[in-house]
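Each chain, letter by letter, is given below.
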Amino acid sequence: MGSNLNPKAAKFSLLLDPLIVEDIRCHGREAYPHECCGALLGHSELVTKVLALPNTTDEGPRRRFLISPTDYQAAEAQASSQGEQLVGFYHSHPDHPARPSEHDLAHAWPVLAYVIISVRKGEPGELTSWRLKEDRSAFDEMELTIGEAGQETS
Amino acid sequence: MAYTVFIPTPLRPSVQNQSTVDIDGSTVGEVLSNLTSQYSELKKHLYTEEGHLRSFVNVYLNDDDIRYLDKEQTSLKPGDTISIVPSVAGGIGTASVAEPDTMPALSNQEVQRYSRHLIMPEVGMDGQRKLKAARVLCVGAGGLGSPVAMYLAAAGVGTLGLVDFDVVDYSNLQRQILHGTSDVGRSKLQSARDRLEALNSEITIETHEVALSSANALDLFKSYDIILDGTDNFPTRYLVNDACVLLGKPNAYGSIFRFEGQASVFGMPNGPCYRCLYPEPPPPGLIPSCAEGGVLGVLPGIIGTIQATEAIKLIIGVGEPLVGRFLIYDALRMKFRELKLRKDPNCKLCGTNPSITQLIDYQQFCGVTQEEPLTETSDFEITVEDLKKKVDISEDFFLLDVREPQESQICAIFGSTLIPLGELPNRLGELEGQSNLIVHCRSGVRSAKAVTLLREAGFINAKNLKGGILAWIDQIDPSLPKY
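Read top to bottom, the protein sequences are chains A and C.
All residue numbers for the first sequence refer to the working numbering, where the first residue is 1 and numbers rise by one.
All residue numbers for the second sequence refer to the working numbering, where the first residue is 1001 and numbers rise by one.
Each hint should be verified, as a subset may be incorrect.
Using 27 Å as the maximum straight-line C-alpha spacing, the simulated DSS-like pairs for lysine-lysine come out as follows [what the hints assert, rightly or not]:
(1) C:K1222 - C:K1132
(2) A:K133 - C:K1043
(3) C:K1132 - A:K121
(4) C:K1249 - A:K121
(5) A:K133 - C:K1044
Calculated from the structure, these hints are not laboratory results.
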């Protein structure tokens, strides 16, 4: 169990391979003007795989995303079948900053990393990662390192 | 006794990193309550401050969402397992952040026109601009299409498409309020356009004067955001449903018959479709259309405005859509009932392994054939002209009217005897000794059934009046009213 799955850890970080970042950026560009979403699999704070998932929201995909319970279960099952963990989820904010919204906060799960990519006029831009505070009051921004996988794994 | 509860990844740190825990209880609610008292960290993530399960927390008993069972009261039996399964949701925040530039602005005149929308927080400027940007297609400009099109036009839906190929008839006016007396004989779409443009000249009306078919439906639907089904027959209803699911478009569905109406929203990503409810159409002729069975004039007003309401909610993105719920309205008892509808995983169209991947022949699917089986056996039927000759030479025959009493009150052929089709099998005795039977109804369909029945009962010379009383009025006696 890595440090970022320990809720008592003071600082959370996430390590993304540049290819993983490119996958997320591509998905954001393809889905624009709708929000895209998907799961991040890996070990502890390292993301090794991106799993694009359908946005099944009923409330207008330009402003909302929803990963169905079935898709959540499939992602979790895929992670454990490959000896990996579900590290978190990503989604895009079309024409909005890569900051978690009130809506993100209201629906957030603890422990998981929430990666947000801002997509402006179809072009992916800023990428950030967030984690729900223990008391659900807000998100903490995670330290994001984009680099080659394998260098910092524990 | 203890039941196994599966814990999802994000909650595992709160239960000492276990993926399952065994908890006592006799209902799902009890197990969850014991779970959260044993692992108090879980409570704030599973429950709201008011003590309700959070909307994005799904609890499954074996493979079933407890929302579709008895919710937290669902009782448990040995071997059951409970899973807590997240939905992961989020999105862009409140409207205070700049809305994408793609939404059209409102003119001062539009602001004035839509002011009662704009001052509601649920609609507001954002919602009204979404309505203006929206493209909605209404299939049918008749009973349901009238209130749908009029309210959506008034509400400011920017582009409203209409599909119809019919002509306004006097018998439409009792319910199809798009059309007026002076429109009788005009194309329904021309009449609808005039009415809607008079109501709101700010919007664009697109008319498609075609019979919707498998050949044109996908092309017609693809540029619209939402489809409203205002059709009156099964082949078109399945066609609209299938095309919507194949294109991923919501289908605000409504149907009406006599005093009863139905409404639902099909074709949403996680919701059921019409085929989940009715995988197969009813046998042809079992369920009469409005033309055969009648319909209360205000009924489409109720059901059509429900369809329009659902379309507006979907466009603005507020409220709970009528997805997975089937609303049934009974005007006589003045009651609304709601049935829960689930997406059928075995649905041939929207299930996990769909076998229908393109549009099919819906006439054939619904058993509707373009048959004219009665013309071949001239022995089986008689024309109105021949009947008139028999009347003129005072030939001896017995004219049987198999319509309903309320129909014979509207008009009747002189000298006929009324026995409604449904009562005929039990009243054959009244026809004893009649060797020369001629049977009629309104248009010739019911009377053909009656003739078949009579011939099987031994009245081998019974004949059907071709075209029914409608043909009689057209060809012989135009003084009678048509209905």
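Verification of the hints:
1. C:K1222 - C:K1132: 18 Å, holds
2. A:K133 - C:K1043: 15 Å, holds
3. C:K1132 - A:K121: 21 Å, holds
4. C:K1249 - A:K121: 24 Å, holds
5. A:K133 - C:K1044: 12 Å, holds
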